[in-house]
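> Sequence:
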Amino acid sequence: MDGKKFDLNSLIGFVLIGGILIWMLYLNGPTEEEIQAEKAKTEAAAQAETETLEKEDVTLTEATEEFSVANQQDSLALEKLQNRLGSFAYSGTLPSAEENTTVIENDVLALTVSNKGGYIIEARLKKHKTFDSIPVYLIKDGNASLNLQFSSENRLLNSKELFFEPELTKNGENQVLTMRLKSDADAYIEYRYELAPGEYMLDFSLKSQGLSGVMDTSQPMYLDWRLKGYRHAKSISYENRYSRLTYEFEGDDHSKLSATGEDDDLEKDVSWMNFRQHFFSSMLLTDTPFEEVALTSVDLVEDEDIDTVFTKQYGAKMLLAPKGGALAYNMNMYYGPTDYQIFKKYDRNLDEAMPLGWGIFGMINKYIIIPLFGMLSGWLPAGIAIILLTVLIKLALSPVQYKQYVSQAKMKVLKPELDAIKEKYKDNKMKIQQETMKLQNVAGASPLKGCLPALLQIPVFYALFTFFPTAFDLRQKSFLWADDLSSYDVIAELPFRIPLYGDHVSLFPILASIAIFVYMTMTMGQSMQAQQQPGMPNMKFLMYLSPLFMLVFFNQYASGLSLYYFTSNLITIGIMLVIKNFIIDEEKIKAKIAVNKKKPKKQNKFQRKMAEMMEQAEQQKKAGKR
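Going by the UniProt record's numbering, the sequence shown opens with residue 1, and the numbers climb by one from there.
Each hint should be verified, as a subset may be incorrect.
Unchecked claim - Okay, derived cross-link-like pairs now, EDC-like style, lysine to aspartate or glutamate, Cα gap no bigger than 16 Å in a straight line:
1. Lys317 with Glu304
2. Lys160 with Glu190
3. Lys256 with Glu267
4. Lys228 with Glu190
5. Lys126 with Glu199
6. Lys317 with Asp347
7. Lys415 with Glu587
Hints are computed from structural coordinates only; laboratory data are not their basis.
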C-alpha cells in the first residue's frame, strides 16, 4: 500500500495466510474417537480417586483439600468426605463452608476475618500510610495465620483448615464477631472478637463447649500464631533494625529475640508477645499466662536491594492447658502503632516492648523526654519541637558544661608549665607523668575533672539516641527539606551504593558533622597538648573520628536524630563562647592557681596510691639500668 492507495496483492496474501492457518488447525484438531477416549479416561480417573478416598485414612489437611475438589465436582463426593472428617463435619456449618469473610471495624482499624480458620486475614490501619502512600496493612495476602492444633478421634486436627460459622452482633457501641467451629449444635470451638470505637486493642477469647467426648485433652494442644512483617518505611534495613519480637514472661520479666539472623527461645508463663515492625506492632496478650511458648524470629533482609517486601518472620507456638476438659482463655489482640502513649494507657507493661533503653536510660526517656516532647509536639511542628526540646535539655545541662569548660581553661593556663616539664624530663616519660600529676594536684586542675562532667551527660545523650528512632510522633512529619523526620532526608541521589553510607546524600548528618568538628576543635584544641601524655589516646585522632562517624553512619538514620545532634552541638558552641567571653576570666584563674600553689594540697587516697606506684616504677627502672 502506497500512501492511501489500496494494495490488492497484500490483501490476497493475508487471506491466503489466514486460510492456511485455519486449515492447519483443522487438521491438527482431535477426532471424535479421541474426544470420547479422553472423556472415558477422565471418568475412570475420577472413579479411581473416589475409591482411593474411601479406602485411605487421610489426614485432616488432605481431607479438606479433597473436600474443595469434590465440592466443585459432585455433591455425592461431598457427603462422603464429610463423613470422613468425623465430629467436626457437623452439617450445620455447611452454609458457611466456603471462602467467605466478615469485617469488623471502627474509626482507626479494619479487620477481616475468614470463615476458613476463623482468624484475621487482613488488618488495616485506617489513619496511617506507608512511605509510598499505601494504606498500612499489618496482615494481608496470607502473611499471617492463627491455628488451633488438637486431637479428635485419633486424628490431629488444625483449625485453620476447617470452616467456622460467623455471627456478627453488637455489644453497646462495640462490634462483636463470634466464629464457631461446630461438632454439633451445642458442641463447638469458639473464637470471639470484640472491637470498641477508637481502639487498636480488641478483646479476643478462645473457648470450647460440649466437646469433652470429642476433643482429646490428654494430648498436647497448641495455639500457633505466625506473622511475616511487611515493610512500611523508606529504608527497609533501618526499619528492620527496629523490628523485633519482644515478650513478657514469669510475671514482670521481659526479653526479646535477636534482631538479626535466626533466633528462638522456649519460655514459661508468657503473658504477652509483640511482633514489632518498628513503628507498628501486632500483639497477643492473655489473662491466663501460657504455660510454655516456643518463640521464633527469622531475619528476611539479607540484601536490601533484593529483599524489599518483608522484614521478619515471627512465630509463637503456645501450649494450652484445658481445665475440666474444656478450653477457656480470655485474651487481647493489638494491631496498631508502636506508640508509648498508647501502650502506657493499658497498664500492662507494654512500654517494655519498645526499645527505650535499659536502666537509667529508659527512665530518662519515660519520665522526662517522652512527656516533654509530647507536650511540645502537641502545639508545635515536630521539627520546631525537636529544636526546643534540645534547647531545654542543653540549658538544664549548662552548669555541668560550665564546670567542664572551667577545667579546660585551667589546663590551658597550666600549659606553659606542662611544656616546661616535658622539655626538662623529655628522656624520662615516667618522670613527666609524676611531675605533671604534682602540678595538676597543686593547681587544682586535672583532665579528669573535665571528663567527669562530660560523663554525666552521657545518660541523657544515650536516652535521646534511643528516643528519636522510636518516636512515633516523628513519623511522616516534615521539616525544611526532610519530608519524614523518622527516616533519612535526601538532597541528592547517587547512581551507586557506597558501603555503610548508602545510595543518597543526607544534609542533616553533614551539618551535624560540621558542628561536631567545630565543637571538638574548641574543646580539645585548647588543651590537647596539655592533656596529651604518654599512654593516653591520640586526642587529635578522636577529634576527626567523631565527625566522620556521624557523616557516614547517620546518613541512613532518622533525620530527626541528626537534627537533634546538629542543634545540640550548635547550642553547645554558643554556650561555650558565652562562657569563654563573658563568664570565665583567665587572669582570675591564673591568680587562683597561684594561690593554690602556695597552700599545701593534701592528696586523697587514690592520688597517694598512684604517686606511690609511679615512684616504685621509677625506682625499678633506675635499678634496671644499673
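> Hint by hint, note whether the structure agrees.
We went through each hint and held it up to the structure:
no. : hint               : in the structure
1   : Lys317 with Glu304 : violated, 29 Å
2   : Lys160 with Glu190 : holds, 13 Å
3   : Lys256 with Glu267 : holds, 11 Å
4   : Lys228 with Glu190 : violated, 25 Å
5   : Lys126 with Glu199 : holds, 12 Å
6   : Lys317 with Asp347 : violated, 25 Å
7   : Lys415 with Glu587 : holds, 14 Å
The structure fails hints 1, 4, 6 (numbered hints given earlier, in ascending order).
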